[in-house]
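Could you build all of it, start to finish, from the sequences and the hints given here?
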Amino acid sequence: MLKLESALIDNGGFRVAADLSVPAGARIAVMGPSGAGKSTLLGGIAGFHDLIAGRILWQDRDIGILPPGQRPCATLFQDGNLFPHLTVEQNVGLGIDPRLRLDTGAQARVALAIEHVGLRGLGGRRPAQLSGGQQSRAALARVLVQGRPLLLLDEPFSALGPALKEEMLDLVAQIAGDTGATLLMVTHDPADAARIADAVIVVAEGRADPPAPTAAVLADPPESLAAYLGRG
Amino acid sequence: MVAAIILGTVAAVALRAEGGRGLGPADWAAIRFSVLQAVLSATLSVALAIPVARALARRSFPGRAVLVTLLGAPFILPVIVAVFGLLAVFGRSGWISDALGLFGLPPLQIYGLHGVVLAHVFFNLPLATRLILQGWRDIPAERFRLAAALGFAPRDTARWLERPMLARVVPGIWAVIFAICLSSFAVALTLGGGPRATTVELAIFQAFSFDFDLGRAALLAVIQIALAGGAALVALWLSPFDGTGGGLDRPVRRWDSGSAGLRLLDAGLIAAAAVFLVLPLAAIVADGVPGLMRLPPQVWQAAAVSVAIAAVSTLLLLALALPMAWAAATGARALPEAAAMLGIAVSPLVIGTGAFILVNPVADPFALALPVTALVNALMALPFALRILIPGARDIAEGQGRLALSLGMGGPAFLRLVLLPRLRARLGFAAGLTAALSMGDLGVIALFADPDTATLPLQMYRLMGSYRTEAAAGAALLLLALALAAFWACDRMGQRHAEA
Chain H
1 MLKLESALID NGGFRVAADL SVPAGARIAV MGPSGAGKST LLGGIAGFHD LIAGRILWQD
61 RDIGILPPGQ RPCATLFQDG NLFPHLTVEQ NVGLGIDPRL RLDTGAQARV ALAIEHVGLR
121 GLGGRRPAQL SGGQQSRAAL ARVLVQGRPL LLLDEPFSAL GPALKEEMLD LVAQIAGDTG
181 ATLLMVTHDP ADAARIADAV IVVAEGRADP PAPTAAVLAD PPESLAAYLG RG
Chain C
233 MVAAIILGTV AAVALRAEGG RGLGPADWAA IRFSVLQAVL SATLSVALAI PVARALARRS
293 FPGRAVLVTL LGAPFILPVI VAVFGLLAVF GRSGWISDAL GLFGLPPLQI YGLHGVVLAH
353 VFFNLPLATR LILQGWRDIP AERFRLAAAL GFAPRDTARW LERPMLARVV PGIWAVIFAI
413 CLSSFAVALT LGGGPRATTV ELAIFQAFSF DFDLGRAALL AVIQIALAGG AALVALWLSP
473 FDGTGGGLDR PVRRWDSGSA GLRLLDAGLI AAAAVFLVLP LAAIVADGVP GLMRLPPQVW
533 QAAAVSVAIA AVSTLLLLAL ALPMAWAAAT GARALPEAAA MLGIAVSPLV IGTGAFILVN
593 PVADPFALAL PVTALVNALM ALPFALRILI PGARDIAEGQ GRLALSLGMG GPAFLRLVLL
653 PRLRARLGFA AGLTAALSMG DLGVIALFAD PDTATLPLQM YRLMGSYRTE AAAGAALLLL
713 ALALAAFWAC DRMGQRHAEA
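For the record, the sequence lines run as chains H and C. Using the working numbering, you'd call the opening residue of the first sequence number 1 and step up by one each time. Using the working numbering, you'd call the opening residue of the second sequence number 233 and step up by one each time.
Where hints are given, some of them may not hold.
[To be verified] Among chain H residues calculated to face chain C with C-beta under 7 Å, some are:
#1 Pro67
#2 Pro68
#3 Gly69
#4 Thr75
#5 Gly80
#6 His85
#7 Leu94
#8 Pro98
FYI, nobody ran anything at the bench for these hints, they're computed from the structure. These figures come from a predicted structure and were not determined experimentally. Glycine is no exception: its CB is placed at the ideal position from the N, C-alpha and C atoms.
Written out as structure tokens, the structure is:
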């Protein structure tokens, strides 16, 4: 279970308050108006923004005090998920060891992950030699080998076309299902939420609400979200 | 026209060069010394700048912005003033020698190779630090975020992010500093000298003013062109040089370098660099204040000459740089590169020698000392001015060029209503650099001046040469103040009412 206890997250003066918990293995969509603090919430959980009050717990362990690399999170951002000067294999391998000292077992895991996301034979390429969708797949392959129990997606597929985005979301859902990871995913699109999320955290005006079932939220959105969705 | 002046003087030099006698042992020694000191200076500057830049890149502290700005200061610091400050700290009777004396140790020996290298490092360590810091800043913040997400330790960040960046930027920076040091004149004149510590540039001066051997001076000038031109070509080939480096005061958030040991190391490095830079400046002020009250009249006279030369140089520069920048922005892309290379390859003394040879048959060169100095100073500042102006001119050409055309705006109206106001801040900055460089230049004037004419740097050098240290200290402070004031005034004029 992921727990934010009276947490206050600071992003250069902009603050988001959250007091909520997410059961392990849940798939959560994070929704709300632009600038409401969705990315700040995820950044706080991942350790990129400072926690200035409260606690963040994962399986009853205080993770709010750890540096980003030691938290149980794998994060995908809107951009900058791959090192452009390294190959796909190297990028994926860094998810296992930052020094890239991989024994044969680790190398096999890298190859398997690359194959699993559908990039077989492309391990030697650099990100610039891949399409946008393939780059997303490469980043997902790294998430796969990282094997972290918390998967945080900050709109990594927003630049992809609708069909490709759906394909990626299905892949994410499959990976989360295979590994039992808990998924938190920022999205603007109610269809994304309906597609893979079983609950929605609404973030508005610097406050994150506890998750509520997706169907209920989308059928009867709270005022802040309704205005944003154009159903005010 | 710029090319005509430069190439004309070069041609004059080449025609006059007396190759028949070949190179004497003294000439070979000068070549060897030039290359050796430039290699040492560039290597030391870059090697020391890397850890300092790394410390600045990953730390934020109060005063960081001031320190980064201060790193730009040596650029407009007159060489002779800096040398005076270094002598006051590292010289035989400087602060460190005095401190050593307390423990019964012998004083430092600053003259010769290590003094020349010390002065070059003083000038180029800040330049290298700024350029390398720019390299660090060019690593996108997302990379460091990703590095943190993957749990990179400092050595992993170094391996995957920092070393690839350094491998890309360092060779070019090294080559630029090598090329600058290769043409060193004022430093070699004051801290070198003697058969074992003479650069080619200094040898030109000696052939010229001590032996009055124009043929040999011209021959040495040809060698200088070959050496510096080769170095400039290498520098240009390794990396495009952009020394203006804006917006360096935003530190990127880092997660990998929080340990106490690293903090201590970085604090120590930054403090050491700051002390090395500030101490000589402090010495100039401390020694200069008493002398300032009792300056001999020639110093004031020389100061007036310097101010006039700086003003003329700056106007000349603007008249040259503005059309060149516009031409470069609207078409001729290779032009600024060529101009920058000529600027590095052809040194002041080479142009001075060429000008002397050209002028000698028709007029008394010594009477033209001041106009030639003003012209040469403007030419020397031209590469830097173009680097500053061209990006701005390019933005205007791309942004407002079509609008102006559609309004039927003619050339003069475009210049008055669009180009000048929009370029104002950059013009001010370029003019400020030129004024300060010209104010502090000790180069071509040394060739041409008779005992009665002098600029302030030359007058100061003469005072130092005749051991009138107190007057020299006062002159140093005056020169420092004038150079800074000239830069500040021009830059201010550009900033005021500047369009965004």
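Hints versus structure:
1. Given the 7 Å rule on beta carbons, the hint for proline 67(H) holds: about 5 Å separates it from the nearest Cβ of chain C.
2. Evaluation of the proline 68(H) hint against chain C yields a held restraint, the C-beta minimum of about 4 Å falling below 7 Å.
3. Look at glycine 69(H): its Cβ gets to within about 2 Å of chain C, closer than 7 Å, so that hint holds up.
4. Checking threonine 75(H) against chain C: minimum C-beta separation of about 5 Å stays under 7 Å; hint holds.
5. Annotation: interface hint on glycine 80(H) holds; nearest CB of chain C at approximately 3 Å, less than 7 Å.
6. Satisfaction of the interface hint for histidine 85(H) is found here, the shortest Cβ-Cβ separation to chain C being roughly 6 Å, below the 7 Å cut-off.
7. Using the Cβ-Cβ criterion of 7 Å, the hint placing leucine 94(H) at the interface with chain C is satisfied: the shortest such distance is roughly 5 Å.
8. For proline 98(H), the interface hint holds, since its Cβ comes within 7 Å of a Cβ in chain C; the closest pair sits about 4 Å apart.
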